[in-house]
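Participant: Between the sequences and the hints, there should be enough to build the whole structure, so can you do that?
Here is how the chains run, residue by residue.
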Amino acid sequence: MAHVKSTIQEPGQPQGASSLQGASSPQGASSLQGASSLQGASSLQGADAPGRRLDVDRIRSDFPLLARQVHGRRLVYLDSAASSQRPRAVLQAMDAYYETTHANVHRGVYAIAEEADRLYEQARVTVGHFIGAPHPAREVVFTKNATEAVNLVAFSWGRANLKPGDAIVLTEMEHHSNLVPWLVLAADLGLELRYLRMDDSYRLDLSSLDRLVEGAKLVTCTVMSNVLGTIPPFASIAEAAHSAGAVVLADGAQSVPHHVTDVGSLGCDFLAFSSHKMLGPTGIGVLWGREDLLDAMPPFMTGGGMIRDVKLDGFVPDETPGKFEAGTPPIAEAIGLAEAIRYLTDIGMTSVEHHESHLTAYAEEALAGTLGADLRILGPAGTVARGGVLSLAYRDIHPHDLAQVLDESGVCIRAGHHCAKPLMRRLGVSATARASLYVYNDESDVDALAEALGKAGSLFG
Amino acid sequence: MPALEDLYREIILDHYRSPRNRGELAVPPARRVEGFNPLCGDEVVVYAEVDGDKLADIRISGQGCSISQSSASLMSTAVKGLPLGEVREVIRTFKSMMSLHEAAIDEHGDHGGEDGEHASGTSGDSSGEGGPGEEPVDLEKLGELAALQGVVKFPVRIKCATLAWNTLVQAIDEAESSSGEE
Numbered sequence: 001m002a003h004v005k006s007t008i009q010e011p012g013q014p015q016g017a018s019s020l021q022g023a024s025s026p027q028g029a030s031s032l033q034g035a036s037s038l039q040g041a042s043s044l045q046g047a048d049a050p051g052r053r054l055d056v057d058r059i060r061s062d063f064p065l066l067a068r069q070v071h072g073r074r075l076v077y078l079d080s081a082a083s084s085q086r087p088r089a090v091l092q093a094m095d096a097y098y099e100t101t102h103a104n105v106h107r108g109v110y111a112i113a114e115e116a117d118r119l120y121e122q123a124r125v126t127v128g129h130f131i132g133a134p135h136p137a138r139e140v141v142f143t144k145n146a147t148e149a150v151n152l153v154a155f156s157w158g159r160a161n162l163k164p165g166d167a168i169v170l171t172e173m174e175h176h177s178n179l180v181p182w183l184v185l186a187a188d189l190g191l192e193l194r195y196l197r198m199d200d201s202y203r204l205d206l207s208s209l210d211r212l213v214e215g216a217k218l219v220t221c222t223v224m225s226n227v228l229g230t231i232p233p234f235a236s237i238a239e240a241a242h243s244a245g246a247v248v249l250a251d252g253a254q255s256v257p258h259h260v261t262d263v264g265s266l267g268c269d270f271l272a273f274s275s276h277k278m279l280g281p282t283g284i285g286v287l288w289g290r291e292d293l294l295d296a297m298p299p300f301m302t303g304g305g306m307i308r309d310v311k312l313d314g315f316v317p318d319e320t321p322g323k324f325e326a327g328t329p330p331i332a333e334a335i336g337l338a339e340a341i342r343y344l345t346d347i348g349m350t351s352v353e354h355h356e357s358h359l360t361a362y363a364e365e366a367l368a369g370t371l372g373a374d375l376r377i378l379g380p381a382g383t384v385a386r387g388g389v390l391s392l393a394y395r396d397i398h399p400h401d402l403a404q405v406l407d408e409s410g411v412c413i414r415a416g417h418h419c420a421k422p423l424m425r426r427l428g429v430s431a432t433a434r435a436s437l438y439v440y441n442d443e444s445d446v447d448a449l450a451e452a453l454g455k456a457g458s459l460f461g
Numbered sequence: 001m002p003a004l005e006d007l008y009r010e011i012i013l014d015h016y017r018s019p020r021n022r023g024e025l026a027v028p029p030a031r032r033v034e035g036f037n038p039l040c041g042d043e044v045v046v047y048a049e050v051d052g053d054k055l056a057d058i059r060i061s062g063q064g065c066s067i068s069q070s071s072a073s074l075m076s077t078a079v080k081g082l083p084l085g086e087v088r089e090v091i092r093t094f095k096s097m098m099s100l101h102e103a104a105i106d107e108h109g110d111h112g113g114e115d116g117e118h119a120s121g122t123s124g125d126s127s128g129e130g131g132p133g134e135e136p137v138d139l140e141k142l143g144e145l146a147a148l149q150g151v152v153k154f155p156v157r158i159k160c161a162t163l164a165w166n167t168l169v170q171a172i173d174e175a176e177s178s179s180g181e182e
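If you're matching them up, the sequences are chains A and B in order. Okay, so the first sequence: first residue is 1 according to this note's numbering, each after it adds one. Okay, so the second sequence: first residue is 1 according to this note's numbering, each after it adds one.
In short, the hints are calculated from the structure, not lab data. The reader is advised that the hints may include incorrect statements.
One side of the interface only, derived from the structure: several residues of chain B facing chain A at Cβ under 10 Å [what the hints assert, rightly or not]:
1. L39
2. D42
3. E43
4. Q63
5. G64
6. C65
7. S66
8. Q69
9. V156
All residues carry an ideal CB built from backbone N, CA and C; glycine is no exception.
Facilitator: Here it is in structure tokens:
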């Protein structure tokens with residue numbers, strides 16, 4: 001809303017808004033732009049107030065894929081924690097860019113190259129404002145995905161700042177993408193890895209926090225578990241980490257798409273997240289880092305685009321953030337991500353949070369009501385400090401079989417270890433069936449899930 | 001659209017609910033080999049006791065979906081007590097059934113151009129209830145194992161069905177190569 005508008009009209013990018021609007025409007029004005037520029041206070045615009053319900057039918061109509069039928073049934077998409085769908089506005093923004101503007105960035109001295117450059121840098125600023133970055137133009141690094149963002153920190157910051165015997169604190173709840181890079185670094189450098197454990201209520205056991213962070217150089221934690229929906233008290237963890245002198249990395253892959261995000265309130269020094277889980281395209285992710293940390297870090301990938309000067313016996317890297325973006329970056333994807341952020345911002349992230357919280361409560365009740373004690377939800381009860389991710393165990397039916405039977409009803413859920421095998425071991429299961437909620441889901445999707453689970457029960461009963 | 005009943009045949013559900021040859025064997029003389037499906041975490045452990053050139057005994061443990069576990073159970077009943085040559089023949093036939101398209105190219109070159117089955121497994125119904133004209137595999141030879149042919153229509157699940165078989169191959173390979181060394 002207001003603050004996103006201001007990002008694209010920031011001093012230094014005076015032509016910002018017009019060139020993007022110009023790029024997309026020939027396509028007949030996307031539904032989002034229609035909503036924000038023509039209808040002002042539509043169901044999307046300005047709805048970001050607690051208690052306001054989302055107009056899910058309206059939102060759903062913005063997502064072409066959700067109109068699809070599967071096996072002769074309405075598609076019920078409950079796998080947004082793996083990857084969300086994207087609204088027409090995002091697809092049109094990317095198409096419009098390719099149709100009217102594309103040229104490589106950071107190189108051309110002609111009109112469309114300058115426009116491409118501006119759109120790409122505007123996208124960076126839009127992303128930065130969305131997460132409350134103090135210096136959006138300099139602190140947002142575009143990567144391939146959240147995984148690459150974590151790898152960037154591990155490789156660049158880690159190798160420059162850690163030495164044998166140093167300790168890193170992480171948690172048992174991490175996705176492999178925020179675990180394996182540290183396992184690799186620990187093996188290479190001889191680091192000590194310490195883990196915050198999960199308690200029996202599916203939350204982090206913080207009783208040992210102060211002891212674990214003592215002397216640690218880095219503390220990293222998911223902002224929301226992709227398996228349990230658990231939202232750890234990140235700010236408290238960050239505060240303890242900072243008191244101990246550690247740097248803090250937040251894995252925001254599951255939280256940034258669904259919750260109001262402010263890097264200052266989180267108290268993190270780095271934040272990693274992905275575009276494709278927040279209505280944007282695949283192929284682009286984000287690392288936000290504190291400017292002074294990024295400035296002091298060596299490059300990650302190297303090659304074209306990330307240098308200031310190259311001689312036959314050496315090179316001088318570009319400034320932040322360019323020095324972390326070797327090669328031609330994902331330009332159209334950055335523009336798509338910025339459009340996704342505009343879409344989410346028009347709905348309002350507070351409204352997104354409330355919608356998912358309401359729907360999670362409905363799901364807990366509806367699933368328990370329909371399936372009773374045969375169904376277990378592996379995650380915190382209630383909706384306090386938990387997001388819209390529901391890991392299900394139904395009788396002893398294997399999650400793969402559940403997902404297969406649900407597919408016949410057009411219900412898309414994910415079965416497997418969700419790239420969190422240590423957490424699976426802690427839970428004592430090899431896999432779970434995970435349903436996850438987003439802005440285009442409503443009660444009817446949850447009802448379809450409950451009904452399809454019932455069918456699976458009959459088949460395997 | 002492939003029907004769920006093609007996948008979850010009664011025989012499969014029966015072997016899933018009441019797995020045969022479930023358990024462990026003493027190692028040695030048996031060999032213990034673990035198979036994992038890294039995508040889904042399914043796990044099959046095969047205990048194979050080779051006596052001379054015969055698979056004298058077999059036990060299965062592990063955990064996973066109905067397809068991986070029933071396939072392991074069906075496999076154990078099909079190969080237990082057979083000479084290793086015949087075990088390998090059953091494995092070959094089963095794996096052919098799991099890759100109908102490739103088998104069709106290999107054995108019936110004239111059918112090679114029709115890849116309806118291969119494209120996504122969603123179009124062809126011809127192999128549903130024993131359309132032997134399309135089948136390059138002798139289903140009669142497979143007995144109960146033929147119940148698993150419906151898996152081919154659900155390509156993602158083929159790895160579930162073949163997990164135990166690949167693990168058994170490794171076990172008898174190891175048994176044969178070590179007996180060759182002795």
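Participant: Identify whether the interface hint at V156(B) stands, where standing means a beta carbon of chain A within less than 10 Å of its own.
Facilitator: 9 Å, holds
Participant: Does D42(B) hold up as a contact with chain A if the rule is Cβ-Cβ below 10 Å?
Facilitator: 7 Å, holds
Participant: Answer holds if the nearest beta-carbon of chain A is closer than 10 Å to that of E43(B); otherwise answer violated.
Facilitator: Hint holds; E43(B) Cβ to chain A Cβ min 7 Å, cut 10 Å.
Participant: Does Q69(B) hold up as a contact with chain A if the rule is Cβ-Cβ below 10 Å?
Facilitator: 8 Å, holds
Participant: Let's test the interface hint: is any C-beta of chain A closer than 10 Å to that of Q63(B)?
Facilitator: 6 Å, holds
Participant: Under 10 Å is the threshold here; is the Cβ of C65(B) close enough to any Cβ of chain A for the hint to stand?
Facilitator: C65(B) check passes; min Cβ-Cβ to chain A is 4 Å, inside 10 Å.
Participant: Measuring from the C-beta of S66(B) to each C-beta in chain A, is the shortest one below 10 Å?
Facilitator: 5 Å, holds
Participant: Taking the closest Cβ pair, is L39(B) under 10 Å from chain A?
Facilitator: Where the cut-off is 10 Å and the nearest Cβ of chain A is about 7 Å from L39(B), the hint holds.
Participant: Taking the least C-beta to C-beta distance, is G64(B) closer than 10 Å to chain A?
Facilitator: 7 Å, holds
Taken one by one, the earlier hints all hold for this structure without exception.
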